[in-house]
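*Asks:* Each chain, written out:
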Amino acid sequence: MIAELGHFAIVLALAVSIVQGTLPLVGAQRDIEALSAIARPAAVMQFLLLVFAFVALTIAFTGSDFSVLNVWQNSHTQKPLLYKISGVWGNHEGSLLLWVVILAAFGFGVATMGNNLPPSLRTRVIAIQGLIGVGFLLLLVFLSNPFERVFPVPAQGNGLNPLLQDPGLAFHPPFLYLGYVGFSIAFSFAVAALIEGKVDAAWARWVRPWTLAAWTALTIGIAMGSWWAYYELGWGGWWFWDPVENASFMPWLLGTALLHSAIVVEKRDALKTWTVLLAILTFSFSLLGTFIVRSGVLNSVHAFATDPARGVYILAFLVVAIGGSLALYAWRAPTLKTGGVFAPMSREGSLVLNNLLLIAATATVFIGTMYPLFLDAITGEKVTVGPPFFNATFVPLMVPLVVVMAIGPMMPWKRADLAGTLARMKVAAIVTVAVALLTLYLSGFEPILAVLGMALGTWLLAGAAIDIGERTRIFGISFGDTLKRGRNLPRSAWGGAIAHAGLGVAILGITGSLSWEIERLQIMRPGDRIGIAGYEVEFEGVAPVPGPNYDAVRGTFRVYRDDELVEVMTPETRRFTQPSMVTTEAAIRPRNFGDLYAVVGESNGDGGFATRIYHKPMINWLWVGSVMMALGGLVSLTDRRLRVGAPRRRTAETKPALRPQQQAT
Amino acid sequence: MRLRYLLPAIAFVVVAVGLGVGLTLKPREIPSALIGKPVPEFSLPAVEGRTGGLTTADLKTGSPVLVNVFASWCGPCRVEHPLFMELARTTDVTIYGLNQRDAPADAARWLETFGDPYDKTGADLDGRASIDWGVYGVPETFVVDGAGCIQYKHISVLTREVLEEEIMPRLQGQKHVPCEK
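Which chain is which? The protein sequence lines are B and D, in order.
Just so we're aligned: the first sequence equals residues 4 to 668 in this note's numbering.
Just so we're aligned: the second sequence equals residues 11 to 191 in this note's numbering.
Don't read these hints as lab results, they were simulated from the structure.
The model shown is predicted, which means the values in this text are computed figures rather than measured ones.
Hints are supplied without guarantee of correctness; some may be wrong.
[As the list claims (entries may be wrong)] Per the computed footprint, the stretches of chain D lying under chain B, defined by three or more beta-carbons under 8 angstroms from a beta-carbon of chain B, are: (1) 18-32; (2) 47-57; (3) 122-130.
By construction, the Cβ of each residue, glycine as well, lies at the ideal position given by its N, Cα and C atoms.
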């Protein structure tokens with residue numbers, strides 16, 4: 004019964020989204036208040052219906068109702084509750100339902116929190132959001148019904164892929180979708196602005212918090228996926244340039260560009276058409292990612308079970324949504340008034356350079372991901388593009404980006420004096436050179452990339468520190484006054500500095516772990532000892548351990564430092580029966596700036612076991628850096644001007660004398 | 011309407027056409043152009059630390075063999091690996107490993123750690139032999155009959171279903187495709 008109700012709810016949601024996506028658009032265009040007024044209640048209704056459907060599916064999963072095809076295919080009675088719940092989105096149909104729920108949630112957010120938006124813009128944004136909903140709900144209702152019944156009812160389910168039964172991965176998709184789908188709001192705002200023919204500072208101020216929220220969620224989502232790969236796949240890698248990873252990375256890169264160009268629109272009323280285009284492109288790449296994952300055009304571990312009809316449908320939807328919005332852009336963008344001018348050497352100039360580099364980086368990833376497909380389509384020739392391609396193309400683009408990133412926030416708007424700005428970076432330059440020389444010395448004049456990476460990370464960190472230090476005049480005034488200045492500093496300045504510093508920390512982590520990783524692979528018998536990075540690791544042996552829905556073999560390693568026991572590590576090999584699969588659970592112990600990472604493998608049939616022990620210096624910095632980036636997004640999101648919202652009416656000439664205390668609270 | 015505003019739309023049309031054609035290709039189902047053809051001429055050294063190597067002659071010994079294309083940098087390979095280990099333990103199927111574009115030390119380590127199900131390995135360092143084999147992505151798995159004629163090709167992770175329904179029957183000589191010379 005609950006499944007039928009859920010099914011009914013998604014059908015109703017489709018009907019509501021059609022209303023939401025059409026009538027209010029007409030209302031806003033013809034100025035018919037009665038039609039425009041439908042937008043907000045429709046968005047609320049759609050959200051409630053989809054939440055109901057999602058709850059219905061979750062109940063079917065937690066109750067192991069195998070009469071529902073989707074539950075039968077993806078769940079099992081012995082699965083722990085957490086994975087019964089995460090099983091809801093661990094498959095194509097359920098994840099699509101989650102997708103539309105989040106889409107509707109963003110529409111709901113604009114409908115309920117958008118009181119400070121001009122009514123016509125709000126109506127149009129909600130309507131566009133409704134149209135995107137139509138596209139996905141058609142796919143859900145007609146080609147991917149998660150509530151399909153199966154008869155006769157099977158006694159037991161097929162289970163969820165064991166690799167996915169992991170706490171890190173359980174919440175990876177929801178964050179990822181919050182990011183992907185969050186960019187839909189920027190898209191809707193862009194399309195609505197094109198229809199209205201108006202993009203101004205206020206528009207940018209409304210777009211920015213949504214983009215920022217989406218970007219933050221996507222950052223967390225990608226970092227979670229990467230972290231999962233690190234500890235679950237068992238060989239300590241964390242990024243593989245897999246097509247599906249790239250599909251999430253491209254919207255992230257573009258979203259980052261969008262965040263920065265929206266600042267220019269807001270502060271300087273420039274780069275308007277460019278920002279609109281970026282907003283469209285960012286969500287387009289989210290849609291493209293959906294297509295890559297769900298159509299089966301590219302091979303990937305992540306791919307869902309594919310169905311040709313879905314691929315054709317999603318492609319058709321892409322053509323309508325992306326093609327339509329880009330056609331609208333071609334038609335309307337020339338009419339948008341261009342804004343303020345600026346010298347190439349200025350804050351705006353550095354942000355333009357940031358955008359260009361990020362676009363180029365996205366293009367690189369795009370080409371690397373799609374090239375095999377396109378080459379096959381054109382010539383029938385089949386190739387593979389592996390990590391070497393990306394390392395050779397993507398990394399060089401990041402170098403100038405990071406160099407500029409540290410300087411950019413210190414440049415004044417409109418026109419900057421490069422010499423003066425660089426003079427303020429003097430300390431950063433000195434620290435950077437010192438770290439580079441130290442690296443060179445410590446690593447025995449070997450890896451140049453390590454020196455470069457350490458220098459870049461330091462440069463970025465130092466730049467962020469100097470930026471905040473100067474703004475709070477840390478060396479100029481008393482400590483108490485500095486604290487006060489720090490409190491009064493806009494949260495967006497803090498957020499930016501934290502996020503930039505986070506990337507710096509992440510770069511240091513990546514560099515450190517890639518350059519100085521130590522790996523020991525050997526057959527060990529109980530009692531054997533090996534030395535690694537100043538530790539002595541003793542293998543105690545293995546013992547069988549039963550799990551809730553698997554049988555594990557657990558190895559025990561005792562780690563000594565100076566003959567003192569410091570850690571006991573217990574990696575496992577888990578053998579699942581439903582479905583049949585073996586997974587590795589690496590044992591990871593973060594120790595002073597580096598992880599000890601141990602894996603126990605196959606027995607050699609002679610009392611010995613294949614074991615791998617790594618020392619990965621600074622890898623934790625990568626996770627800390629990712630968290631800092633997300634934190635920077637969150638802090639920036641609490642900025643007063645975003646929280647308060649733009650003033651309802653702006654006079655034609657914004658008076659510069661708008662002091663903080665005069666802003667509405 | 012100025013042209014530069016139209017450029018994104020034009021670029022998208024090109025991409026969309028590419029995607030549309032791509033959709034018709036369905037990588038998992040592409041029948042290899044080489045099915046029913048003799049295996050390409052090749053001769054590869056063994057993966058570091060192993061003896062032998064893999065040459066065309068190894069595929070013409072009279073009994074059917076399985077050829078698995080793998081690499082240590084390939085995530086999905088890790089997923090299908092236990093199935094090959096099981097196959098090596100429980101059956102007498104001959105399995106050859108074609109190691110594609112791998113650093114020799116990495117490949118050796120990978121096999122030591124996860125186990126080595128292969129009767130022989132060939133290290134295709136520059137990927138040239140793989141291209142001759144029509145390898146699209148890693149992993150891929152081929153069935154070759156005793157006369158060195160390619161019978162079947164599976165792209166992506168080998169699953170138990172594919173193994174039981176497609177590969178085992180062909181190893182037993184069923185669904186035989188006559189060889190074109």
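*Asks:* Verify this for me: three or more residues of the region 47-57 of chain D with a beta carbon less than 8 angstroms from a beta carbon of chain B.
*Replies:* violated (count 0)
*Asks:* Has the region 122-130 of chain D got at least three residues whose CB is nearer than 8 angstroms to a CB belonging to chain B?
*Replies:* holds (count 4)
*Asks:* Examine the region 18-32 of chain D for residues whose CB is less than 8 angstroms from any CB of chain B, and state whether their number is three or more.
*Replies:* holds (count 11)
Figure legend: structure checked against the earlier numbered hints; the only hint not met is number 2.
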